[in-house]
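Assemble chain W onto chain F, guided by the hints.
If you read the sequences in order, they're chains F and W.
First residue of the first sequence: 26, per our numbering; consecutive thereafter.
First residue of the second sequence: 26, per our numbering; consecutive thereafter.
Just so you know, the hints here were simulated from the structure itself, not pulled from any lab data.
Which copy is meant is left open, so a pair is good if it fits within one copy or across any two.
With a Cα cut of at most 27 Å, we get these calculated DSSO-like pairs of lysine-lysine: (1) K56 with K188; (2) K178 with K109; (3) K109 with K65; (4) K167 with K27; (5) K264 with K299; (6) K264 with K236; (7) K167 with K309; (8) K109 with K56; (9) K167 with K56; (10) K236 with K27.
2 protein chains.
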Amino acid sequence: MKIDKNTNILIIGLGLMGGSYATALSEQGYKVKAITVNQKDIDYAVERGMIIEGSVQPDERFISEADLVVFALYPTVFVEWIEKYQHLFRSGTLITDVTGVKTQVVAQVQSMLRSDVEYIPAHPMAGRVRSGVEFSDASVFKGANYIVTPTDKNTDEAIENCKELGSILGFSRISVLSPEEHDEMIAFLSQLTHCIAVTLMTATDTEGLEKYTGDSFRDLTRISKINDLMWSELFLMNKDALLRQMDAFSEEFSRFRQYIANGQREEMRQVMRKAGERRLRFDKN
Amino acid sequence: MKIDKNTNILIIGLGLMGGSYATALSEQGYKVKAITVNQKDIDYAVERGMIIEGSVQPDERFISEADLVVFALYPTVFVEWIEKYQHLFRSGTLITDVTGVKTQVVAQVQSMLRSDVEYIPAHPMAGRVRSGVEFSDASVFKGANYIVTPTDKNTDEAIENCKELGSILGFSRISVLSPEEHDEMIAFLSQLTHCIAVTLMTATDTEGLEKYTGDSFRDLTRISKINDLMWSELFLMNKDALLRQMDAFSEEFSRFRQYIANGQREEMRQVMRKAGERRLRFDKN
Numbered sequence: 026m027k028i029d030k031n032t033n034i035l036i037i038g039l040g041l042m043g044g045s046y047a048t049a050l051s052e053q054g055y056k057v058k059a060i061t062v063n064q065k066d067i068d069y070a071v072e073r074g075m076i077i078e079g080s081v082q083p084d085e086r087f088i089s090e091a092d093l094v095v096f097a098l099y100p101t102v103f104v105e106w107i108e109k110y111q112h113l114f115r116s117g118t119l120i121t122d123v124t125g126v127k128t129q130v131v132a133q134v135q136s137m138l139r140s141d142v143e144y145i146p147a148h149p150m151a152g153r154v155r156s157g158v159e160f161s162d163a164s165v166f167k168g169a170n171y172i173v174t175p176t177d178k179n180t181d182e183a184i185e186n187c188k189e190l191g192s193i194l195g196f197s198r199i200s201v202l203s204p205e206e207h208d209e210m211i212a213f214l215s216q217l218t219h220c221i222a223v224t225l226m227t228a229t230d231t232e233g234l235e236k237y238t239g240d241s242f243r244d245l246t247r248i249s250k251i252n253d254l255m256w257s258e259l260f261l262m263n264k265d266a267l268l269r270q271m272d273a274f275s276e277e278f279s280r281f282r283q284y285i286a287n288g289q290r291e292e293m294r295q296v297m298r299k300a301g302e303r304r305l306r307f308d309k310n
Numbered sequence: 026m027k028i029d030k031n032t033n034i035l036i037i038g039l040g041l042m043g044g045s046y047a048t049a050l051s052e053q054g055y056k057v058k059a060i061t062v063n064q065k066d067i068d069y070a071v072e073r074g075m076i077i078e079g080s081v082q083p084d085e086r087f088i089s090e091a092d093l094v095v096f097a098l099y100p101t102v103f104v105e106w107i108e109k110y111q112h113l114f115r116s117g118t119l120i121t122d123v124t125g126v127k128t129q130v131v132a133q134v135q136s137m138l139r140s141d142v143e144y145i146p147a148h149p150m151a152g153r154v155r156s157g158v159e160f161s162d163a164s165v166f167k168g169a170n171y172i173v174t175p176t177d178k179n180t181d182e183a184i185e186n187c188k189e190l191g192s193i194l195g196f197s198r199i200s201v202l203s204p205e206e207h208d209e210m211i212a213f214l215s216q217l218t219h220c221i222a223v224t225l226m227t228a229t230d231t232e233g234l235e236k237y238t239g240d241s242f243r244d245l246t247r248i249s250k251i252n253d254l255m256w257s258e259l260f261l262m263n264k265d266a267l268l269r270q271m272d273a274f275s276e277e278f279s280r281f282r283q284y285i286a287n288g289q290r291e292e293m294r295q296v297m298r299k300a301g302e303r304r305l306r307f308d309k310n
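Looking at chain F on its own, in the form it has when it is part of the complex (with noise of 0.2 Å):
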């Protein structure tokens, strides 16, 4: 299989992020197809050129017809969702995903995936803080990064296939990471961010303070809209990672704090020096 526009694809969950997927494919003239929960999730993207038809069944047609399956769904649901229904996929389909956590999910989908068919699993690096489809948005893809994270299981054929997806997304920067790696990376750059977002909001209970900040309170906070119900699987899902990650961070902000207790001078302006000189590799080109 080599993706092109003839290729059948097949988005399972038209919300945020299988919403921008299917917007960027049908702006390149790729035929996509969807299935989700919600008739008015459809009825939207239909209207909007997103997609040429969808189900809120699994509809045997689409499943059997696709070539190639993206699941958008929460971690939980997806590996559900193959447990039931993966006797409907022809043989040779290849499938992927956006789930934001790898090792589990990974290894659950593959030990019962059936033979003929190959999961090569994904984690597009973007996203809004809004969820639905009408967040939608292919320009969420530009500038941002893609990482492949495929197991012994997977062959170079299908890590090449789902690469060529990034790329025709729009993404940036292409990596091939394995799931371990991913969720190591994962914890640090994306979910301790999150709780550290989440934690700023709920540290002080004063009230008015919207009255008083500046950009940086609101840059670090922006993230706490968080949708609840996903990031707490996903924490969860990685938490011997995450939990090792958040003593990480833990740990240097206890030395900082101590630098400053001790008026330390040289010694914080170091830190800032070294955070200050690191940063400049991860600005957007």
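Same frame as chain F, but now just chain W:
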């Protein structure tokens, strides 16, 4: 005194903030002069119409003619300046500042200041990551907060004039706090967030993270490009409040960590929902 187009305004320190004040005021037809250390910054500002004229010396004519003087210097430099040159002010001059910490600076300046000159402290909650007059931008004040921090040494007239200045500059919300209230607030909203950003950038030495990051890590570390000379001074001048706020954050962070460690999903979700609801108040209009 009442600020109008005939008011002689003198800005001392043409960096990012002094330059942005100069730009905002000149654009609206106010008469602005400046004293700063580098001739090139004066040339830059005069060429662009940000100031009428400038001097690298504490010019006696500028100082004695000024009705309103805005200090945009580092805290310690501001205090030293007053000590050395306050004899040059004419009687009745109103002075204000942009200093990011208040209690100590306000007490030092007000206690030594001539009785015929009034210092009304203020903190514009706006800025840019980059420093220097060439990054000046009057639009930083749009949507931003401005805090006046008077003491019992200040007159109602000066407080009103200082609020009026904030309004002329284009701030969206102007508030009044005591220097102590201000410093506690700023320890939480601004200094703590900078400590977190710096810590995130230095918590791990793993290379190549920029290839895998999403926007959440970028958001939380934007301000880690910090002016280490200025911020180390600000942190140490507000040490007690900052340490208190760092400890409050750490305590809340540990609580959230415990929920994750124990798999207390409902408690995690409650904290997340509280965070998201509170964050709505901080959206810019």
